[in-house]
Amino acid sequence: MANKTKKILLETSDVIIENKEYLTELDAAIGDGDHGINLARGFKKLKEKLENETFTERNELFKLTAMTLISNVGGASGPLYGTAFLNISKVISDERLDLDDLVEIAEEAIAGIQKRGKAEAGEKTMLDTIIPAAESLKQSRDNNLDLETALNNCLETAAEGMKNTIEMQATKGRASYLGERSIGHQDPGATSAYLMIKTFITSYL
Amino acid sequence: MGKKLINDPDNVVSEMIEGIVMASHQRLEKLNDYNVVVRKDAPVEKVALVSGGGSGHEPAHAGYVGQGMLDAAVAGDVFTSPTPDAIFEAIKTVDSGNGVLLIIKNYTGDIMNFEMAAEMAEAEGIEVDHVVVNDDVAVEDSLYTTGRRGVAGTVFVHKIAGAKAAQGADLKEVKRSAEKVIKNVRTKGMAINPCQLPAAEKTTFSLAEDEMEMGIGIHGEPGTEKTKLKKVDQIVELLLDDILSDLEIKTNEKVTLMINGMGGTPLMELYIANRKANQLLKDKGIKIYKTYVGEFMTSLEMEGLSITILKLDDDLINLLEAESEINLL
Numbered sequence: 001m002a003n004k005t006k007k008i009l010l011e012t013s014d015v016i017i018e019n020k021e022y023l024t025e026l027d028a029a030i031g032d033g034d035h036g037i038n039l040a041r042g043f044k045k046l047k048e049k050l051e052n053e054t055f056t057e058r059n060e061l062f063k064l065t066a067m068t069l070i071s072n073v074g075g076a077s078g079p080l081y082g083t084a085f086l087n088i089s090k091v092i093s094d095e096r097l098d099l100d101d102l103v104e105i106a107e108e109a110i111a112g113i114q115k116r117g118k119a120e121a122g123e124k125t126m127l128d129t130i131i132p133a134a135e136s137l138k139q140s141r142d143n144n145l146d147l148e149t150a151l152n153n154c155l156e157t158a159a160e161g162m163k164n165t166i167e168m169q170a171t172k173g174r175a176s177y178l179g180e181r182s183i184g185h186q187d188p189g190a191t192s193a194y195l196m197i198k199t200f201i202t203s204y205l
Numbered sequence: 001m002g003k004k005l006i007n008d009p010d011n012v013v014s015e016m017i018e019g020i021v022m023a024s025h026q027r028l029e030k031l032n033d034y035n036v037v038v039r040k041d042a043p044v045e046k047v048a049l050v051s052g053g054g055s056g057h058e059p060a061h062a063g064y065v066g067q068g069m070l071d072a073a074v075a076g077d078v079f080t081s082p083t084p085d086a087i088f089e090a091i092k093t094v095d096s097g098n099g100v101l102l103i104i105k106n107y108t109g110d111i112m113n114f115e116m117a118a119e120m121a122e123a124e125g126i127e128v129d130h131v132v133v134n135d136d137v138a139v140e141d142s143l144y145t146t147g148r149r150g151v152a153g154t155v156f157v158h159k160i161a162g163a164k165a166a167q168g169a170d171l172k173e174v175k176r177s178a179e180k181v182i183k184n185v186r187t188k189g190m191a192i193n194p195c196q197l198p199a200a201e202k203t204t205f206s207l208a209e210d211e212m213e214m215g216i217g218i219h220g221e222p223g224t225e226k227t228k229l230k231k232v233d234q235i236v237e238l239l240l241d242d243i244l245s246d247l248e249i250k251t252n253e254k255v256t257l258m259i260n261g262m263g264g265t266p267l268m269e270l271y272i273a274n275r276k277a278n279q280l281l282k283d284k285g286i287k288i289y290k291t292y293v294g295e296f297m298t299s300l301e302m303e304g305l306s307i308t309i310l311k312l313d314d315d316l317i318n319l320l321e322a323e324s325e326i327n328l329l
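The listed protein sequences correspond, in order, to chains D and Y.
Here the first sequence is numbered in UniProt numbering, starting from 1 and rising by one per residue.
Here the second sequence is numbered in UniProt numbering, starting from 1 and rising by one per residue.
So that you can see chain D by itself, here it is in the shape it has in the complex (with noise of 0.2 Å):
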């Protein structure tokens, strides 16, 4: 199970290092231009950790994950995936994961981005689209769902959560400062958030 989790971790890092221009083009209009750059350091040398190392367990390679990203990404971002891979690392175990596992991993890593940033849905962060893609994967467990559609439904939800920050006015982080001239503009976090979740499922899948 570790490996397939390393092999997940190592794409989700190339996909964070290929969108590092865009990432930071969304920032510029809105923030300081920096996210794409930020979080792509901390992926870089997150990949040389994970391909110089073996693990044997899930919750290491989250441990390392988030360590590495809370020491080498600053801003608000690092902080904040950080202390959300952190949690994810105290829930998981190297059992198959159904979908009860997923909600409470969703539901951990989105009290750690809380805590830190105590933010609500709809204040134009990740978290809108974090948020709406932990609703989707509770509702397809409440229905019974299959794993596979309920993923798929999760990364449609995921999808929308992050477009619907187009049309919101930022109050939380540099974007607050815009007030109004917010709106208009995707949420950097919002679409990192998305091509983590992406990645994630699609891996999986």
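Just so you know, the hints here were simulated from the structure itself, not pulled from any lab data.
Predicted model, so just to flag it, every value in this text is computed and none were measured.
Positions of the beta carbon are idealized from the N, C-alpha and C atoms, including for glycine.
What you were told as hints is all true, and nothing was included just to trick you.
Label-pair distances were calculated between CB atoms; the ranges are:
hint: 1; chain 1: Y; residue 1: N7; chain 2: D; residue 2: Q139; range: 48 to 56 Å
hint: 2; chain 1: Y; residue 1: A123; chain 2: D; residue 2: Y22; range: 37 to 45 Å
hint: 3; chain 1: D; residue 1: E48; chain 2: Y; residue 2: E18; range: 20 to 28 Å
Below are the EDC-like pairs computed for lysine to aspartate or glutamate, each with C-alpha atoms no more than 16 Å apart in a straight line:
hint: 4; chain 1: D; residue 1: K20; chain 2: Y; residue 2: E201
hint: 5; chain 1: D; residue 1: K44; chain 2: D; residue 2: E18
hint: 6; chain 1: D; residue 1: K45; chain 2: Y; residue 2: D10
hint: 7; chain 1: D; residue 1: K138; chain 2: D; residue 2: E108
hint: 8; chain 1: D; residue 1: K118; chain 2: Y; residue 2: E115
hint: 9; chain 1: Y; residue 1: K254; chain 2: Y; residue 2: D283
hint: 10; chain 1: Y; residue 1: K276; chain 2: Y; residue 2: D241
hint: 11; chain 1: D; residue 1: K172; chain 2: Y; residue 2: E140
hint: 12; chain 1: Y; residue 1: K202; chain 2: D; residue 2: E21
hint: 13; chain 1: D; residue 1: K49; chain 2: D; residue 2: E60
hint: 14; chain 1: Y; residue 1: K183; chain 2: Y; residue 2: D315
hint: 15; chain 1: D; residue 1: K115; chain 2: Y; residue 2: E115
hint: 16; chain 1: Y; residue 1: K4; chain 2: Y; residue 2: E15
hint: 17; chain 1: D; residue 1: K198; chain 2: D; residue 2: E148
hint: 18; chain 1: Y; residue 1: K231; chain 2: Y; residue 2: E269
hint: 19; chain 1: Y; residue 1: K228; chain 2: Y; residue 2: D210
hint: 20; chain 1: Y; residue 1: K30; chain 2: Y; residue 2: E18
hint: 21; chain 1: Y; residue 1: K30; chain 2: Y; residue 2: E15
hint: 22; chain 1: Y; residue 1: K202; chain 2: D; residue 2: E25
hint: 23; chain 1: D; residue 1: K45; chain 2: Y; residue 2: D33
hint: 24; chain 1: D; residue 1: K44; chain 2: Y; residue 2: D10
hint: 25; chain 1: D; residue 1: K90; chain 2: D; residue 2: E108
hint: 26; chain 1: Y; residue 1: K172; chain 2: Y; residue 2: D129
hint: 27; chain 1: D; residue 1: K20; chain 2: Y; residue 2: D10
hint: 28; chain 1: D; residue 1: K138; chain 2: D; residue 2: E104
hint: 29; chain 1: Y; residue 1: K180; chain 2: Y; residue 2: D315
hint: 30; chain 1: D; residue 1: K45; chain 2: D; residue 2: E18
hint: 31; chain 1: D; residue 1: K115; chain 2: Y; residue 2: E119
hint: 32; chain 1: Y; residue 1: K226; chain 2: D; residue 2: E180
hint: 33; chain 1: D; residue 1: K47; chain 2: D; residue 2: E11
Start from chain D and add chain Y according to the hints.
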């Protein structure tokens, strides 16, 4: 893509820190593996002051490390908060057992990373407290924003709190002095040309030949209002109006004035702005105790300026005048 005098965008901060230390006449030291500048004689038997933030604001903050001001400055990547591990190393190095005050500019990332570092330090039994500087009147302080940004006024917090700590005050007293400055300092900035991050391919915002941006921060983030370019006297008047409507100053009260260049503004233009600022304050019956003109909190090569006003009382004047290795004038 704009031209830069650099080697590799990935190494700008560490190479800069090495250069700063080499230019410090043996006063400063870089911590191994971290972009942290500390006083060479650290820890000093007193409350220690640690500040930091993204790079690109030089001389802030490494330029303010020295007797009478900061004990350590933590440099993040350009315009990016430093990470908790680096801040934690700085705290450990400068703590003499008398506690550490963190001076944080009000940015979401800075606060999160400094908070995480403070938690790590507290877990090791180090007494840590912090203040958050939020002097920028361009940003409305309301429930709907993250609050006002910390900008050039931070330099006065370093100076006053640094002087208080050097006098042997305890952590609570040093914090109180820092908070007094924060309560009485206001800044507003503007730009006529943006800046470009070393690792980015474009400038952070764009302005036409006849445009300017009012209410800019120090990270190349766009301001609150894009308008037609005006003459500098008019610009100074607009900036001062916003500052003075937020900071009540009675006739004959004393202030200190800072005209801060954003990195790409000639001193000539800063002095012209200063002329108008002095005239306007005098006309309003406000006493200028001291005027500072220069680059104190920059934003890479951004062309523009900010004006800072600190309202003074005798206590603040004494601390402002306290001896320091760092000469602000």
